[in-house]
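Q: Sequence:
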Amino acid sequence: MTTETRKRRNYTEDFKRDAVALVTAQGYKPAKAARSVGIGNNPVRRWMREFEEAASGERLSTSSS
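Taken in order, the sequence shown gives residues 2 to 66; the numbers are from the numbering used here.
Accuracy of the hints is not assured; some may be wrong.
Unchecked claim - With a Cα cut of at most 30 Å, we get these calculated DSSO-like pairs of lysine-lysine:
{"no.": "1", "residue 1": "8", "residue 2": "30"}
{"no.": "2", "residue 1": "8", "residue 2": "33"}
{"no.": "3", "residue 1": "33", "residue 2": "17"}
{"no.": "4", "residue 1": "30", "residue 2": "17"}
In short, the hints are calculated from the structure, not lab data.
Make the full structure from the sequences, and use the hints.
A: Spelled out as structure tokens, the structure:
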């Protein structure tokens, strides 16, 4: 049996915004947007939530005091 270490992929802010824009601007469903950029749909959904929170001011910083 082989053990493979999975590495977490890092995506650029532009890539994330482009993927989310497929949903928000183009009307894609999150799963279809994810397939079109070659990733799973969970990151797209997470990025959508993060961008919405940032826009509404709910998430002003990532550090907790």
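Q: Does each hint hold? Answer for all of them.
A: Going down the list of hints, with the structure as the test:
1. Between the alpha carbons of residue 8 and residue 30 the distance comes to roughly 27 Å, so the proposed pair stays at or under 30 Å and holds.
2. For the suggested pair residue 8 and residue 33, the alpha carbons sit about 24 Å apart, so the restraint of at most 30 Å is met.
3. A distance of roughly 15 Å separates the Cα atoms of residue 33 and residue 17; the hinted pair therefore holds under the 30 Å criterion.
4. Restraint check for residue 30 and residue 17: the C-alpha separation of about 15 Å stays at or below 30 Å, so the hint holds.
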